[in-house]
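Chains as they are written, first to last, in our numbering: chain C, 1 to 260; chain A, 1001 to 1224.
Rather than coming from a laboratory, the hints here were simulated on the basis of the structure.
Hints may be right or wrong, so weigh each one.
Unchecked claim - Here are the computed distance ranges between Cβ atoms for each label pair:
hint	chain 1	residue 1	chain 2	residue 2	range
1	C	Ala125	A	Ala1143	57 to 63 Å
2	A	Pro1169	C	Asn117	45 to 51 Å
3	A	Val1016	C	Asp107	50 to 56 Å
4	A	Val1016	C	Glu172	43 to 49 Å
5	C	Ser214	A	Arg1015	44 to 50 Å
6	A	Val1037	C	Gly215	39 to 45 Å
7	C	Ser214	A	Val1202	27 to 33 Å
8	C	Gln213	A	Ala1123	43 to 49 Å
9	C	Ala125	A	Ala1005	26 to 32 Å
10	C	Asp41	A	Asp1178	58 to 64 Å
11	C	Asn117	A	Ala1120	41 to 47 Å
Unchecked claim - Chain C regions said to be covered by chain A (calculated; three or more residues, Cβ under 8 Å):
hint	segment
12	34–48
13	88–100
Remember, it's a predicted structure, so these values are computed and weren't measured experimentally.
All residues carry an ideal CB built from backbone N, CA and C; glycine is no exception.
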Amino acid sequence: MPEQTQTQPQTERRALRLGIAGPVGVGKSTIIASICRHLADEFRIGVITNDIYTDEDARYLRSAGVLPTERIRAVETGACPHTAIRDDVTMNLLAIEDLERDFAPLDLVLVESGGDNLTATFSPALIDAQIFVLDVAGGGDVARKGGPGIARADLLVINKIDLGPYVDVDVEQMLADAKAAREGDPVLGVSQKQPATTTQLRDWVQALHQNYQSGRHVAIDPGPMAPHFHADEDGGGYYHTHEHTHGHADAGQGADHRHG
Amino acid sequence: MNTSAFNAFLLADSRVPTGAYSYSSGLEPAVIAGLQVDEVYAFMRARLATITPLECSACVLAWRMAAAQTAADYVALERAIAARTPSAAQRHVSHTLGRALLLLAQSLQLDSAGIRTLAALAAPPSRGTALGVLGHALGVSEAACAEVCCYEDLQGIAAAALKLLPVTPAQATRWVLDAGTHVAAVVAAAQAVQEPAQLPAVCAPIMEFQAEQHTLRHRRLFHA
């Protein structure tokens, strides 16, 4: 049992904290392993996993051999994965603090959320930027359905794009839907079987880190506000999010409502 | 200025961010060891008879020290608590929860000499100590703070029971209500403690053993 020390005020710029969220089974751990594999020589990396029932993700990452095992730590979420990354980030903050103290200095801390639902996003109190992960096997329509993570995470990854033909998903269409839902914010199709895509992911993280280091990166809160659907005459439509307040009463936090 | 009662509610509210969801007050290790649903109430009573009196007394002493604010007093208190907590796992849990409370206190930017003194110590405070100091800073009375200390432990068990065992939410709440009738005695005993040497030292060897075992588990919902 390691001795604990006190919280100390941060003076110099600390490690970039990057959250990886998304539903169960989309490949969040694989994405993290991929980032570590590509960047372990360049960045000093630590990982915090938030599992719902086990430290399975931490164990997977340790066994993947992408980082020294002691740099990968698990936080127990008491079956409240959403709470642990959003409403009460205390335990994750303490875990990050310990990791940063034990392996100082770190350049990058990756925080994996427990596999939750489409509304789970990280609080900006915990991380500086976040990736939301979907996969083609979860259904081609998921990107179109939207949600705060899909619409406003710093990056949306559509994972396992090589599986498209096997699960009857038109990958190009899904990527296009995702881009429309995000109003041009970055979307990346990734497959571990297509090295060019994991390289693109690496490039994105590198660019983010550079922006963070130079102070240009601004943390965005994807927030609980779901995107709105604007229907077209022909039955199509598009999702977008609003910064302003609507003139009508919203149905509640995270409620989807239809205009038009 | 908020009323003392209002701030006591705040301190007892699990929605206030202190990482409470990560802890089961020892229930998960007990359930894995075979505790049955009809034994949860007895488990609550056992906590009230063993673990809680120490935390509650520490909370009271820390609350009283918060006005005097000498670091040496807190160090002596922490040593006395550690000496009565033989399980390293339980000490670790208490320090983590104390750290979480202190983090909250600092984040709230409460103007309190006690919080500043605790934050300046080399090691984080125990849960009871941090709760007493935070309660004092919030203007919560000594007795109410001690009561919150007991209440949180019971509600922690109840909330964890809902996730671990086939229990209705009302049943779990009923247990908290019933166990609550024994809290006044725990609080009174805690308030009778005048110095760290008088802190109760009640052993709970099975819970201590279970707490140690839990640190080695891979499959667990709760940290402890």
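Hints versus structure:
Remark: the range hint 57 to 63 Å for Ala125 (chain C) to Ala1143 (chain A) is contradicted by a beta-carbon distance near 33 Å. As the Cβ distance of Pro1169 (chain A) to Asn117 (chain C) is approximately 22 Å, the hint placing it in 45 to 51 Å is violated. In this structure the supplied range 50 to 56 Å is violated for Val1016 (chain A) paired with Asp107 (chain C), their Cβ-Cβ distance being about 33 Å. At about 47 Å, the beta-carbon gap between Val1016 (chain A) and Glu172 (chain C) stays in the expected band of 43 to 49 Å.
Restraint check, Ser214 (chain C) to Arg1015 (chain A): a C-beta distance of roughly 37 Å breaks the suggested window 44 to 50 Å. Range check, Val1037 (chain A) to Gly215 (chain C): about 55 Å between beta-carbon atoms, so the 39 to 45 Å window is missed. Take Ser214 (chain C) and Val1202 (chain A): their Cβ atoms lie about 57 Å apart, and the range 27 to 33 Å is violated. Hint check: Gln213 (chain C) to Ala1123 (chain A), Cβ distance near 33 Å, so the stated range 43 to 49 Å is violated.
In this structure the hint that Ala125 (chain C) and Ala1005 (chain A) lie 26 to 32 Å apart at CB holds, the actual value being about 29 Å. Taking 58 to 64 Å as the suggested C-beta distance range, the pair Asp41 (chain C) and Asp1178 (chain A) conforms, at roughly 60 Å. Range check, Asn117 (chain C) to Ala1120 (chain A): Cβ separation about 42 Å, and the 41 to 47 Å hint holds. Under the rule that three or more residues need a Cβ within less than 8 Å of chain A, the assignment of the segment 34–48 of chain C is violated, with 0 such residues.
Under the rule that three or more residues need a Cβ within less than 8 Å of chain A, the assignment of the segment 88–100 of chain C holds, with 6 such residues.
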